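Asks: One-letter residues, chain by chain:
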Amino acid sequence: MNRRSFSLVVCLVLIAFLNTAVCLDELRFYLRSEPKSFNPLTVADDSSETVRYLTGGVLLRLNRETQKLQPELASSWTVSKDGRTITFVLRPSIFFSDGTPFTAQDVKYTMDQLMNPELHSPTGDSFRTSNGKVECTVLGPDKIAIHFPAPVAGLEGLFDQVAILSSQSPKKEMAVLGPYYVSDYKPGSFVYLRKNPNYWKRDSWGRQLPYISAVKLEVQSNRDIELMKFSRGEIQLINDLDADYFDRLSTLSPAMVHDAGASLDFEQMWLNQVQTAPIPAYKRQWFSSRNFRRAISSAINRDDLCKVVYNGHARPAVGPVSPANKFWFNSHLQAIPFDQKAALRLLQQDGFQLAAGKLRDRDGHVVEFSIVTNAGNRARERTATMVQQDLRSIGIAVNVVTLDFPSLIQRITQDFNYEAVLLGLVNVELDPNEQMNVWLSSSETHPWNPKQKVPATPWEAEIDRLMRAQASSMDEQARKKYFDKVQEIVADQAPLIYLVNKNALTGISPSVEGAKSVVLRPQTYWNIEYLKLAVERASNGK
Amino acid sequence: MKRLRVAAATLACVLVFLSVAGSLAPRFDYSRQDREHIGSAPSPGHWLGTDDLGRDRFARLLHGTRVSLLLAPAAAVVSMLLAFAIGAVPGFAGGFAERAAKTAIDLVLSIPWLFLLLIVRAMLPLNTSPGTSVTITFLVLGLLGWAAPARILLARARSMRQAEFIILARSTGIAPYRLLCRHVMPNLRPVLLAHFWISVPIFILSEANLSILGLGVAEPLPSLGSLLRELETVLSLRTDIWRFAPLVMLVMIVSSLQIAVSKQEVPS
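Chains A and B, in that order, give the protein sequences. Counting in my numbering, the first sequence runs from 1 upward without gaps. Counting in my numbering, the second sequence runs from 1 upward without gaps.
Just chain A, same shape as in the assembly (with noise of 0.2 Å):
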C-alpha cells in the first residue's frame, strides 16, 4: 500500500468516526402523543409542551429544583407595587436559531400575539384576570416594560410558559431561542431537533450549551415497547413511569430508576353536589352532608392505597396542596386517619344506623352508591376496588363502574348522571393561581359542583373570598395566609377526597451525565442544556 492510498484509508475512517461520533450524541425518549402545535403561544398538550420546553426560550425560568425563579433571556426584572407592571433588562448579543438578533421588539411582538384573543392561546389565558388591553412599552433595546390592566398576582412566573418569538425572521415560530431548534418532523414517527448554533448560554469553561447535539424525540404511546426500549438503552429517558413500571425496571437495573418522592399529582375522589343531578334527592342529602364527606374519607385506608396500588411509591394526600409544592403547602394540616369507628360515630350524627352489614339513613334507605372511574387505568381500578372494600367495612355498597373517558367526562361535566367520581389531577403549576377554575364556585370546572350563580354553601362562598384575594394580592406572605386558609376548609369540609400524592417515578439511563431526577415537570431533562451522553453508549442512528 503507498502513502497516497494509505492516506485515503485513514481519511475514510476518520470520517465514517466522526460520522458515528455526531449519531452518537443524540438523546431519545419517547412522546406519548403527537405534538398538536409547533407554535410556542397554542400548546395545549404535554408534547407540545415537551418541545416547547427544548426549543423555547423564556425571560425567566422556574429552576425544577429549587423551585425558584432564575433569569434567562432578561438578565433582571422588577415588578411595580401595584402589580401591574413588570419591567424586564434583556441580555445583549443574543440571536434566534436562524440569526436574527433578539431585541425588546420580539418581547413586545410575542406578548402582542399571545394576548390576541383570535388566537386562544392557554398561555395568554393565564395573564388574563380583567378586561383591558396588556400594553407594552419598549424602552430601549434591552428593556422592555409591560403594563397590564390589572394586577396579577405571581406575575413573574407567568413567564416561565411564554417563549420568545422572533418579530423578523421570516421563519416564525420556527426561529427559537432555546437550547434546540426542530430540525426534522415525521408526523406519527418522529421531531428531530438539533442543538441551536446561536444558544446563548455557556458553561464555566466558556463553552457554548447544550452539549448533547441533537435530541430525537420519537411518538410512541405504548408504554410497554417504552420500557422494553429503555432497559435496551435505546431510549435514555422516561418521565411518569407507572409504579408497576418502575418496580420492574428496578429489578433490572435499580440505578435507571429514580423515586424523587411525593410529586404535584393527586388520585381524589368527590361526591356530586349538584343540586340539579338526576340522581335521587335522599342521596344528594347524603352528599350535601360534611359528616358524610369525612366519614367516607375516614373509612378509607390510605396507608394500603399507597402500598398496594403504588408499591409504596405514593404518599397519603393531606389536602389540596402536596407536599412537593414547598412554598403553598399547609404544614399544619392533619394527615386525616383511617378510623372506621370515627366514620361510624359521624354517620350516626346524621342519623345513620348499621345494622346487619348494612347502613341505612335515618328514612330507612341502604346507604349504597356508585363511583365511576375511567377505563383502562389499573391503577385507577384497582383503588376504586380497595375504596369499594374500605366501605364495605362500615356498611356501605359501592358499585364501581368503569367508563371510556369522552363518556366520563360528559357526565362529570354536562350530564351529572354520576354519584360519586374517581380521578387524578395532574399539577403542573406552583401557584394557587393556576386552580382558580377549580376552587371558585362559578367556574365551569368546580367539580362537586359547578357554575353555582351563587356560592351554595357558606365555606363555598370563603373559598370563593379566599381565593380572590389572595389572586389580586401582591405580598406573597398574605397570598399564602389566605391559600392556607383555603387548604384548612377544603380538609375540613372535605368537598374533594384526597386519596394519595403519587411519587414523581423516572427512569434516566447511566448513559446521561448530569440528570437529576426531580418532582417538577420535566422530571428528566429540565436541565437538558447540562445534561452530556457517556461516549460507550451504543447508538442507532437517526
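FYI, nobody ran anything at the bench for these hints, they're computed from the structure. Among these hints, one or two may not hold up.
As the list claims (entries may be wrong) - Label-pair distances were calculated between CB atoms; the ranges are: (1) A:SER183 to B:PHE115: 39 to 45 Å; (2) B:VAL20 to A:VAL366: 27 to 33 Å; (3) A:MET228 to B:VAL251: 26 to 32 Å; (4) B:PHE115 to A:PRO141: 56 to 62 Å; (5) B:LEU124 to A:LYS201: 55 to 61 Å; (6) A:SER183 to B:SER255: 54 to 60 Å; (7) B:TRP113 to A:GLY132: 49 to 55 Å; (8) A:HIS332 to B:VAL20: 56 to 62 Å; (9) B:VAL261 to A:LYS186: 52 to 58 Å.
If you're wondering where the values come from, they're calculated on a predicted model, not measured in any experiment. Ideal Cβ placement from N, Cα and C applies to all residues, glycine included.
Once you have looked at the hints, place chain B on chain A.
Replies: Using the frame of chain A, we list chain B on its own:
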C-alpha cells in the same frame, strides 16, 4: 375415539362441577382482600397465590369459571337460535323472506358495535349490580352475535332447497314445520354446533374487552374474561406460571366439551 370422548366428557363435567360446587363453598371468598399478601405465589392458604389486591386466585378462578360457563353458552344459544330463525328459515323459504333476511344480516354486520354498546352503557343505570351487569353484557353479546352464523346458515339452507331428499320429502306432503325440524335442522346442526363452540370463547373474551366501555363484569365479581385480562401484565412464564390457570381452564373446558360432542360431526 369413544374412550377419548368419555374422558373428555368426564373432565368437562368435573371442571364444571368443581367450579359450581367450589364457588359455593364459603372458604373460597373471591372478594376478600388480604392486603398483607399481594401478588403472592401459591401457598397452602392460597393454592394459586393471590392477585394484585391480595385476593385468592383459586377462589376467583372458581367463581369466574362459573359465571362465564353459565352465561357464555347461554349467550351462544341465544345467538344460534336467532341465527337459525333469521338465517336458515328464510334461506330455506326463499323469495321475499330470503331477500329481507339478507338485508337484515348485512345491516347488522355493518353496524359499528362499539357505538351500539356505548348506547347500551349509557342507558344502563350506574348502580346496576355486578351480577345484573354481567348478565346484560352476555345477553347483548348473544343478541348481536347472530349475524355471521346466520349468513352461513342462510347459504346452506338455500342450497338445500333443491336437494333431492327435500324434494322427495315435499312430494310426500310433509308439513313445512316438520320438514324444517326433521330434515333441515339435522343437516344444519354441524354448522350450528361449530359456531356455538366458536362463540363461547369469543363471548368470554369479548366480555373482558367490553369492560373498557363500562359493560362486562364489575368489581369485585370475577369472570374468565376479566381473569384473562390480567395476563396482559405477566412478566415471564418462568416465574408466574400459575397466573395462566384461567387460560388453561378455558382451553380445557372448551376443548373437552368439543371432543365430547364431536360424535355427531363425524359422518357415518
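Asks: Of the numbered hints stated previously, which ones are contradicted by the structure, given in increasing order?
Replies: none
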